[in-house]
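Use the sequences and the hints to build the structure in full.
Keeping their order, the protein sequence lines are chains A and B. If you count by this note's numbering, then the first sequence holds residues 1 to 441, one letter each, in order. If you count by this note's numbering, then the second sequence holds residues 1001 to 1405, one letter each, in order.
Think of the hints as simulated: they come from the structure by calculation, not from any bench. Don't be surprised by glycine CBs; every beta carbon is placed ideally from N, CA and C. Keep in mind that a hint or two might mislead.
Quick list of in silico lysine to any residue cross-link-like pairs, SDA-like style, CA-CA up to 20 Å [unchecked claim]:
#1 K1371(B) - G338(A)
#2 K220(A) - D1369(B)
#3 K225(A) - V1099(B)
#4 K1152(B) - V1099(B)
#5 K218(A) - R236(A)
#6 K220(A) - E1336(B)
#7 K285(A) - S1124(B)
#8 K310(A) - K225(A)
#9 K1136(B) - G1160(B)
#10 K1320(B) - G1341(B)
#11 K262(A) - I1354(B)
#12 K1320(B) - K225(A)
Cβ-to-Cβ under 8 Å is the rule here; a few derived chain B residues that face chain A [as the list claims (entries may be wrong)]:
#13 G1307
#14 A1309
#15 G1344
#16 P1356
#17 E1405
Below, each chain spelled out in residue letters.
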Amino acid sequence: MKLSMNKKPVLASRFTLQASPGPRPVACGVRRAACGVLIAFFCLGMACRPMPKAYIHKLKNGHYQLIVERKPYIIKGVCYNPIPIGQNHEYDWCSDSSRPWIVDGKLMQEMGVNTIRLYQPCPNTENVKTVIRDFYQRYGIRTIMGHWLGFWEYPCPFYGDKAFQEKVKKEVLEMVNLYKDEPGILFWTLGNENNYSCLGLVNPWSSDEIDKETNPQKQKVMRAKIYYSFVNDLARAIHKIDPNHPVALGNGELIGLEVAAKVCPDIDLVACIIYRGKTFGNLFKSLQATFDRPIALTEFGADSYDAYLKKEDQNMQAFFLESQWRQIYENLANNKKGAGNCLGGTIFEWTDEWWKYNEFDPAGWMVHNTEAGWSSGSYYFDIKAKDNKNMNEEWFGIVALSEELENGLNKRIPKKSYYLIREFWKNPRLDKNKKKGVKSK
Amino acid sequence: MKKDFAYFCFCVIAFMTVSSVVPAFAQEKAVSAPAVSTQPQATIPQATTEPKEFVVYSDKNAKGNHYIPSGWMGDYSDIKLNDQSLVNPHSGTTCIEFVYSAKKSQAQGWAGVYWQNPANNWGSKKGGFDLTGMTKLTFWARGAKGQEIIQKFIVGGIKGTYPDSASVEAGPIELSDTWKQYTINLAGKDLSYINGGFGWTTTADLNTGGATFYLDDIKFEADPAMKPESRKSENMPFYIYADKGSIKNHFIPSGWMGDYGDIKYDGASKEDPYLGDSCIKIIYSGKATQGARWAGIYWQNPANNWGTADAGYDLAHATKVTFWARGEKGQERIEEFKVGGIMGEYSDSDTAGIGPVVLNKEWTQYTIDLKGKDMSYVIGGFCWATNIDVNPEGATFYLDEIKYE
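Structural data, given as structure tokens:
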């Protein structure tokens, strides 16, 4: 039943013998007849359905695995958005004639990366296909393809509005139709931290019905129900046109998943964005108790600038990342210690992005800004920085960018994290620093 | 979540800062103190066999005494010390008498004393002892009347350039009017450098009329029978707040966040408490004093612990947190009530919350569901937060009977 990499899966063929390249019936008398009955039986029972290229497998012990090409697959990934120095998020890097993904793909392969995460496809379809193919064919790296679901649309994402929903749905299904047959596609991710809009804190939206409700807690639940129902509708529609790839619900932390549990039966996994420093805490078991789906950590990491001492600190970043990867591995399937529901993760992020501190200041895009943008006590080494602001958005890459150009690209300089995680993936050690209270620095 | 942390000292055990306010008495006493080694990194005198004990105090001027009770903290003017009291010593001829007036002379609401080496060493000098091999500290204590409450007894915990290698606390302890021995388990602790050999703190809330108490025979002991203490799971109910000064209270409302200047906290309000004789009254002015446009308070253990100290309670038996709340006018909106969620070097094991909550004018009970949550390690026992956008005129509200169940 193994599908060829480039073979286009045809839905109708799932019910035909030809779809199965397995052993054919022996042509002799009764055995032939018996085989025919047997085959018919299995086919009616859909035993001949081709296995999806990637799917979620729930084990008898309740643990989850991502199966790709019939083998368990641990996502060892990075978020990929290679904006060069001097550009900002509007830059179409897929159209960059210097093809940054060729250089990056090689470095990733050497590190052991097997997956990249894209937040949304670049505008040019053919360029996107080229990127996916180059990553996969040259380096064996698969792509998690995402969609923002209109989260950044002005003035806000009206998830309660049918016309808005239809518009987003059309975009999403177009994306799936365009790329579903690319062998490098791993799965789809719907949204990122869009659930925060249901709290009314980021990109707040509402509807007439919600506005009529005076209890703010109920308003929150109403928004969550609308949003997650919409995402589930998208997932169901994707499954109809693409049975070969799972669909993930992008979510900030676990917030709102108690609602998703009730309205998202078609979601295959949760793709979580988590910034909790050295530990994910009770994340995995908490998800298990709230919404029993596997989890991929599709955004996590640490920056490499000490905002307190005002100097680069690659050790600090490496310390956090190694600790995070250790916990990811502890929670993979068949590990007695963990929850068994983790599929791996994609580090935020591959390269530093120099535009992030002030996205409206082109001059600032040329500077590797050291001003911290927000505060998190989880990253405690530099929490004593002024106003406790210690998170440096421009320093999250595990590969630094140099102003020096190499073949038209900013030269890539891997940081300590790159090497440390490379070694961890080669030989994952889960017992280091397991003693509570061990000083980390 | 992007939040500013405000390390605002509400009920601070700010060891570093109080060193400058140690009263002259303590300094004089330190200067005249006999038989105290001031050698850098002192060690237990070597003997042919391993030492069995290391005395902090046995009798006034006893040769074996170590450390000086020089580190007076908080409302230091509320403390009187007599280290040669003849009133019914436990053994020998003298004991130590402390009189704590609870007058809040320095407006701190709490006070305490550290035994240090050398005197007044808040971690600026290398003077601690290597007490490796000791497994417990024992002392005898009694109150003048009984029912005096000591918030905690301490070993180690002084920070600074030369920090103590361990920090261990025990308490609160309610004293009786007869001598009783107490033990602080030190087994498994790194005692290689201890400058703060012993200490106590208490609060005016816990001792409204003050407290007179006695200590005697304070010593470290090498007891091979002592085993490292595993963190015990607390019994339910486990109170955050029952009443002002209640020994049942846990956690300190020390984590003032955002526009902390907009908050007034009264932990002893008599304005129609839900139960008992007091409740918590909070006034949020909504003036955006620090420019954050929001404010809140975390109840922490110990005070001001933003995940920097390994001091979480094991509340794994809890299935919910309940509390009663009311607004002064009704319609005050609290964006979030939360438990856990402090992240740092030592992070809370989980978090849960409810909100936004629009308060009623009448007392109403609210519940935070903890089913499926891992509350085995909690530094941030309780928290509320609100903002100026939903309370443009500010908000006055009351809380009572906050507890894990």
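Checklist entry - CA of K285(A) to CA of S1124(B), is that 20 Å or under? => result Roughly 44 Å separates the two Cα atoms, so the pair is violated.
Next on the checklist: Hint G1307(B) vs chain A: min CB-CB distance below 8 Å?
Outcome noted: Cβ of G1307(B) sits 6 Å from chain A, so the hint holds.
Item to check | Pair hint outcome, K1152(B) versus V1099(B) [Cα-Cα no greater than 20 Å] | outcome: Holds, at about 16 Å.
Next on the checklist: Between the alpha carbons of K1136(B) and G1160(B), is the straight-line distance 20 Å or under?
Outcome noted: 24 Å, violated
Checklist entry - Per the CB criterion, is G1344(B) less than 8 Å away from chain A? => result 5 Å, holds
Item to check | Agreement of K220(A) and E1336(B) with the hint, judged by alpha carbon distance not exceeding 20 Å | outcome: 12 Å, holds
Next on the checklist: Can you verify the interface hint for P1356(B): is its Cβ closer than 8 Å to any Cβ in chain A?
Outcome noted: Nearest chain A Cβ about 4 Å off; hint holds.
Next on the checklist: For K1320(B) and K225(A), compute the direct alpha-carbon distance and say whether it is at most 20 Å.
Outcome noted: Since the Cα atoms of K1320(B) and K225(A) sit roughly 25 Å apart, the hinted pair is violated (cutoff 20 Å).
Next on the checklist: For K225(A) and V1099(B), compute the direct alpha-carbon distance and say whether it is at most 20 Å.
Outcome noted: This hinted pair is violated, its Cα atoms lying about 61 Å apart.
Checklist entry - Does G1341(B) lie within 20 Å of K1320(B) when you go C-alpha to C-alpha? => result 15 Å, holds
Checklist entry - Taking 20 Å as the top limit, are the C-alpha atoms of K1371(B) and G338(A) close enough? => result The hint holds at about 19 Å.
Checklist entry - Does K220(A) pair with D1369(B) here, judged by a C-alpha cut-off of 20 Å? => result Cα-Cα ~17 Å, so holds.
The earlier numbered hints that this structure contradicts are 3, 5, 7, 8, 9, 12, 14, 17.
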